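Chain C is already provided as a structure; the job is to place chain F on it using the hints.
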Amino acid sequence: MAQHGVFEKVVKILTPYVKNQEALDSVSLETHILDDLKVNSARLVDVVLEFEDAFDIEIADEDVDSVETVGNAVALIESKIG
Amino acid sequence: MQARASFTLPTGVRLRVDIQRGVARLLSPLTTFAVVALLRFWLRLSVENHAELRQAYQRIRGESKAPLLICANHLTMIDSALIAWALAGPGWYLLHYDALPWNVPERRNFASTLPRRFLAYVYKCMPIVRGGSREQLAETLARFAHLLVRGEVGLLFPEGGRSRTGRVDPDNAAYGVGRIVRSIPGCRVLCVYLRGDRQESYSVAPARGDRLCVSLAFVEAKSDHPGLRGSRDVARQIVARLAEMEREYFDARQ
Numbered sequence: 001m002a003q004h005g006v007f008e009k010v011v012k013i014l015t016p017y018v019k020n021q022e023a024l025d026s027v028s029l030e031t032h033i034l035d036d037l038k039v040n041s042a043r044l045v046d047v048v049l050e051f052e053d054a055f056d057i058e059i060a061d062e063d064v065d066s067v068e069t070v071g072n073a074v075a076l077i078e079s080k081i082g
Numbered sequence: 001m002q003a004r005a006s007f008t009l010p011t012g013v014r015l016r017v018d019i020q021r022g023v024a025r026l027l028s029p030l031t032t033f034a035v036v037a038l039l040r041f042w043l044r045l046s047v048e049n050h051a052e053l054r055q056a057y058q059r060i061r062g063e064s065k066a067p068l069l070i071c072a073n074h075l076t077m078i079d080s081a082l083i084a085w086a087l088a089g090p091g092w093y094l095l096h097y098d099a100l101p102w103n104v105p106e107r108r109n110f111a112s113t114l115p116r117r118f119l120a121y122v123y124k125c126m127p128i129v130r131g132g133s134r135e136q137l138a139e140t141l142a143r144f145a146h147l148l149v150r151g152e153v154g155l156l157f158p159e160g161g162r163s164r165t166g167r168v169d170p171d172n173a174a175y176g177v178g179r180i181v182r183s184i185p186g187c188r189v190l191c192v193y194l195r196g197d198r199q200e201s202y203s204v205a206p207a208r209g210d211r212l213c214v215s216l217a218f219v220e221a222k223s224d225h226p227g228l229r230g231s232r233d234v235a236r237q238i239v240a241r242l243a244e245m246e247r248e249y250f251d252a253r254q
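These protein sequences, in sequence, are chains C and F. Here the first sequence is numbered in this note's numbering, starting from 1 and rising by one per residue. Here the second sequence is numbered in this note's numbering, starting from 1 and rising by one per residue.
No lab work stands behind these hints, which were simulated from the structure alone. The structure presented is a predicted model; accordingly, all values stated were derived computationally and were not measured. It cannot be assumed that every hint is accurate.
[To be verified] Some but not every residue of chain F turned toward chain C, in silico, with C-beta under 7 Å:
| no. | residue |
| --- | --- |
| 1 | Gly91 |
| 2 | Tyr175 |
| 3 | Arg232 |
[Claimed, not checked] Restraint ranges, calculated between C-beta atoms of paired labels, are given here:
| no. | chain 1 | residue 1 | chain 2 | residue 2 | range |
| --- | --- | --- | --- | --- | --- |
| 4 | C | Thr15 | F | Asn49 | 47 to 57 Å |
| 5 | F | Ser112 | C | Ala75 | 42 to 52 Å |
| 6 | C | Ala54 | F | Leu26 | 48 to 58 Å |
| 7 | C | Glu58 | F | Gly151 | 26 to 36 Å |
| 8 | C | Tyr17 | F | Thr11 | 46 to 56 Å |
| 9 | C | Glu78 | F | His225 | 20 to 30 Å |
| 10 | C | Glu22 | F | Ser46 | 47 to 57 Å |
| 11 | F | Arg116 | C | Leu24 | 28 to 38 Å |
| 12 | C | Glu8 | F | Ala240 | 29 to 39 Å |
| 13 | C | Leu24 | F | Ala240 | 26 to 36 Å |
| 14 | F | Val23 | C | Gln21 | 27 to 37 Å |
| 15 | F | Asp169 | C | Glu8 | 30 to 40 Å |
| 16 | C | Asp56 | F | Asn49 | 51 to 61 Å |
Just so you know, even glycine gets a beta-carbon here, dropped at the ideal spot from N, CA and C.
Excised from the complex, chain F in its bound form:
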């Protein structure tokens, strides 16, 4: 059973979302190229099969206008930037700004000071406090879902935080992901597994000079259960798919 779309935003909130998108879009020629410069020239990172990955993402965006939610494993604090960079170049994002994913980072990590809040704002982030007010969390998720319905891409880490073991934990699925997926009719879920060759556990960033391996797979997560149980089912299916992609990653390297 799929839940109906239940995210309607008050006009003021919608306006604030539109303003953020507008400001971020305006500054994107600077912000997107700056991130790529940091990743390529300061961290000296590279991505395996980069051209094929970008073609795949362009194909995914081109073949359907359905809402798209990217769900990824989480090992470093800059995973969302790494994923965005892996999937497309800054020039392409300038022309297809909707395809640059929105993020929901932890406020204490990414928006604790004014400069950080500004950066989060212009990098399409909607910070949340993990374990904070449930009502604020619900409002942020509603804004996030609203953007997806409008054709923007969203990125979530369904494990809720960086994996402390360095591996995807199938028992650690944040049910909010399932709630979003079930609330958006026709929402497609693209699982992204990302890992640097030298990534042993969780960290702030990948090791300098590391080569990133990225794989993509759609998952059709469904549940016959209503309500919370259904949302938890969907979240667990997504995390289970990521765990499977992780097994494939390690199998391929044996």
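Extracted from the complex, chain C is given alone in its bound form:
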């Protein structure tokens, strides 16, 4: 899947958890998921589990710690789907 396709799917999954709509409107690979989009940190794991289901991948506990920006999430998913 091309990077843009992964990015769009990631943003779609994030959307219901986002509290800052303005940041979502200008979302990019550099957008910080917790600081900019204001996703509740306790909900981050739900987001990552949705990534697992949507892309049919498995993400280790340790890998979640590296997900801070949308770009981190896209890179992680791309590394899993090869």
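Only chain F this time, still in chain C's reference frame:
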């Protein structure tokens, strides 16, 4: 499926943890009695069935050397002190310092200034920034897990913060708790439900003169799922047990 122990600390980090424990232990004759004096004589708090509770905790600590994690509901900013005081007296903690729980408080609340950082340090706290760097959070959780494996007791609030509704929210389980439990082989989880008679919602501290009700229950939280899903399952089971204890609390008062 239980995950294997995955928390290995670099020597420098381990040394820092040992130094903190040593300093906290050294000052504990002062710090533990000071907290009890504040709770009893300034806030004038009391605990229902206090002697029985303390006996129960001593029995729990005596019957097994397995790692022990206390998971509690969260309504006031001094809940960790209240729980420690409810479970044992300062004299007993001096002799059983491992049983005085370590805490992971929010840095902005408890370690924002130098004096606060010092107090957090000597009261067995490892402050974190909620929603902060995931890697720093992971390192703090690794230090916390390391201490549990060594026989220290840990205390976490699996809802992540004080309940804004005043009730345990089963949908608000911080998965990090599940991650810790699954990463420590044989980790026992002791749920503690604590509430003052006059506690309606969340607050800084219980109302002055309030009587605290505390109940204890072990929960065997397990999941067949691997990874994150398993950690989330375990965290949810722990919070569900706390919600059940809350129902029991209110049922008993009707």
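A quick look at each hint next to the structure:
Interface restraint check: Gly91 of chain F against chain C, minimum CB-CB distance 38 Å, threshold 7 Å, status violated. Using the Cβ-Cβ criterion of 7 Å, the hint placing Tyr175 of chain F at the interface with chain C is satisfied: the shortest such distance is roughly 4 Å. Annotation: Arg232 of chain F was flagged as interfacial toward chain C, and the flag holds, the nearest CB pair being 6 Å apart, inside 7 Å. Separation of Thr15 of chain C from Asn49 of chain F is about 49 Å and conforms to the stated range, judged on CB atoms against 47 to 57 Å.
Look at Ser112 of chain F against Ala75 of chain C: about 33 Å separates their beta carbons, and that is not inside 42 to 52 Å. A hinted range of 48 to 58 Å holds for the C-beta pair Ala54 of chain C and Leu26 of chain F, which are about 53 Å apart. In this structure the hint that Glu58 of chain C and Gly151 of chain F lie 26 to 36 Å apart at CB holds, the actual value being about 33 Å. Tyr17 of chain C and Thr11 of chain F have their C-beta atoms about 39 Å apart, which leaves the hinted 46 to 56 Å range violated.
Take Glu78 of chain C and His225 of chain F: their Cβ atoms lie about 24 Å apart, and the range 20 to 30 Å holds. Roughly 50 Å separates the CB atoms of Glu22 of chain C and Ser46 of chain F, a value that falls within the hinted 47 to 57 Å. The supplied range of 28 to 38 Å is met by Arg116 of chain F and Leu24 of chain C, whose beta-carbon atoms lie about 35 Å from each other. The hinted window of 29 to 39 Å between Glu8 of chain C and Ala240 of chain F holds, with their beta carbons roughly 36 Å apart.
A beta carbon spacing of about 32 Å between Leu24 of chain C and Ala240 of chain F agrees with the range 26 to 36 Å that was offered as a hint. Restraint check, Val23 of chain F to Gln21 of chain C: a C-beta distance of roughly 47 Å breaks the suggested window 27 to 37 Å. In this structure, Asp169 of chain F and Glu8 of chain C meet the distance hint of 30 to 40 Å, their C-beta atoms being roughly 32 Å apart. Between Asp56 of chain C and Asn49 of chain F the C-beta distance comes to about 52 Å, which sits within the given range of 51 to 61 Å.
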